[in-house]
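Please construct the entire structure, taking both the sequences and the accompanying hints into account.
Number of protein chains: 2
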Amino acid sequence: MTGASGVGKDTIWQAALPGIPNLSYAVSATTRAQRPGEINGRHYYFYQREAFQQLIAEEALVEFAEYAGDYYGTPRQQLEAMLTSGRDALVKPELIGAREIKRRLPEAVMIFIAPPSMAELERRLKGRGTDSPARIAQRLARAREEIAAVREFEYVIVNDVLETAVRDFCSIIYAERVRSKRLTATDIARFLRET
Amino acid sequence: MTGASGVGKDTIWQAALPGIPNLSYAVSATTRAQRPGEINGRHYYFYQREAFQQLIAEEALVEFAEYAGDYYGTPRQQLEAMLTSGRDALVKPELIGAREIKRRLPEAVMIFIAPPSMAELERRLKGRGTDSPARIAQRLARAREEIAAVREFEYVIVNDVLETAVRDFCSIIYAERVRSKRLTATDIARFLRET
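Residue numbers (the numbering used here), protein chains in the order written: chain A, -11 to 183; chain B, -11 to 183.
Hint data in this document are derived by calculation from the structure and do not stem from the laboratory.
There may be inaccurate statements among the hints.
Just so you know, same-sequence chains aren't split out, so a pair can sit in one copy or run between any two.
[As the list claims (entries may be wrong)] With a cut-off of at most 20 angstroms between alpha-carbon atoms, the simulated EDC-like pairs for lysine to aspartate or glutamate come out as follows:
{"hint": "1", "residue 1": "Lys114", "residue 2": "Glu26"}
{"hint": "2", "residue 1": "Lys114", "residue 2": "Asp148"}
{"hint": "3", "residue 1": "Lys169", "residue 2": "Glu142"}
{"hint": "4", "residue 1": "Lys169", "residue 2": "Glu95"}
{"hint": "5", "residue 1": "Lys169", "residue 2": "Glu151"}
{"hint": "6", "residue 1": "Lys90", "residue 2": "Glu182"}
{"hint": "7", "residue 1": "Lys169", "residue 2": "Glu47"}
{"hint": "8", "residue 1": "Lys169", "residue 2": "Glu133"}
{"hint": "9", "residue 1": "Lys90", "residue 2": "Glu140"}
{"hint": "10", "residue 1": "Lys114", "residue 2": "Glu182"}
{"hint": "11", "residue 1": "Lys169", "residue 2": "Asp119"}
{"hint": "12", "residue 1": "Lys90", "residue 2": "Glu38"}
{"hint": "13", "residue 1": "Lys90", "residue 2": "Glu133"}
Below, the structure is given as structure tokens:
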């Protein structure tokens, strides 16, 4: 799940996840400042810059990217534990990280969350009040770059009406789980069972 | 939407459709006998064999197939009217018809409804009480053939728990509508709008 800062990714997945069985959120690591209300280990794993670089050196991240001066990445161990236990993992990388995950795990499903417009995204970032004007300008520039890459994603949800965005997000998970390419020979043998 | 007779296709779409905007059921034409409770023009368009052959000759059907001694087909005019008015159309062809629709309309999404097992399908067909034992045997043989072709479909829903099957069916519709391949240049320009 990728999309501009402020587009509503966290609101969407936090509304969607409780209703979907066997789906876990893979908490990202970051060096950005912890915001009020954010819990370390739940919203992000917060790291100092040097500690994060240590993670990179140890190849403890599946993907990482620098974005607006901060590092963001996906811890490998946590993600692998989810997948080997048969759960689906929701990862929230930046564009470059999303590409890296898709390269390593081609069965990954790429979902882009788009703003109704850049004007609306700017309003949301200003309304959040967590970023300086310079940081907001940086985030908007990055959002334009990401939107230019939107066709690399399999799905694009416009976060205009939140309820609709959440419904579409859940629908993608359920629909992907019944894609025939995920059928095993055992599944098909089961359909044919005569007793 | 394709699947064996008795697998629950009608139950699924009748439960799903009222909640999904802009989706219409394209009523099939058939020569099979009208069952009690079935309404001509709602469940099927019922035709005598000669009248159906006339439809074939006039190319008034998008697809048709003979199945267990009866003809089934999809009237062209109705389907085209739905699509040109911007609605999605739900079509319920047999396997051969599904292939023909996919060939003519590559953007069609193929959904297969599978039984939990052949044993369960047989129980359902017997429980319905509308078919002779010979007709049931014919339907089961056809079901085995269709299941062998299941990988031609994009999605496979197992109709075990009806609620789950309906949820998955609705999810496929909503997810397909947010596939990035359906994005237009206008959509992307809208995301980038600054005012």
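A quick look at each hint next to the structure:
no.	hint	verdict
1	Lys114 / Glu26	within (19 angstroms within a copy, 58 angstroms between copies)
2	Lys114 / Asp148	within (17 angstroms within a copy, 49 angstroms between copies)
3	Lys169 / Glu142	both (15 angstroms within a copy, 7 angstroms between copies)
4	Lys169 / Glu95	both (10 angstroms within a copy, 18 angstroms between copies)
5	Lys169 / Glu151	neither (29 angstroms within a copy, 23 angstroms between copies)
6	Lys90 / Glu182	neither (40 angstroms within a copy, 31 angstroms between copies)
7	Lys169 / Glu47	neither (31 angstroms within a copy, 34 angstroms between copies)
8	Lys169 / Glu133	between (32 angstroms within a copy, 19 angstroms between copies)
9	Lys90 / Glu140	within (10 angstroms within a copy, 25 angstroms between copies)
10	Lys114 / Glu182	between (62 angstroms within a copy, 15 angstroms between copies)
11	Lys169 / Asp119	neither (43 angstroms within a copy, 34 angstroms between copies)
12	Lys90 / Glu38	neither (27 angstroms within a copy, 55 angstroms between copies)
13	Lys90 / Glu133	within (19 angstroms within a copy, 35 angstroms between copies)
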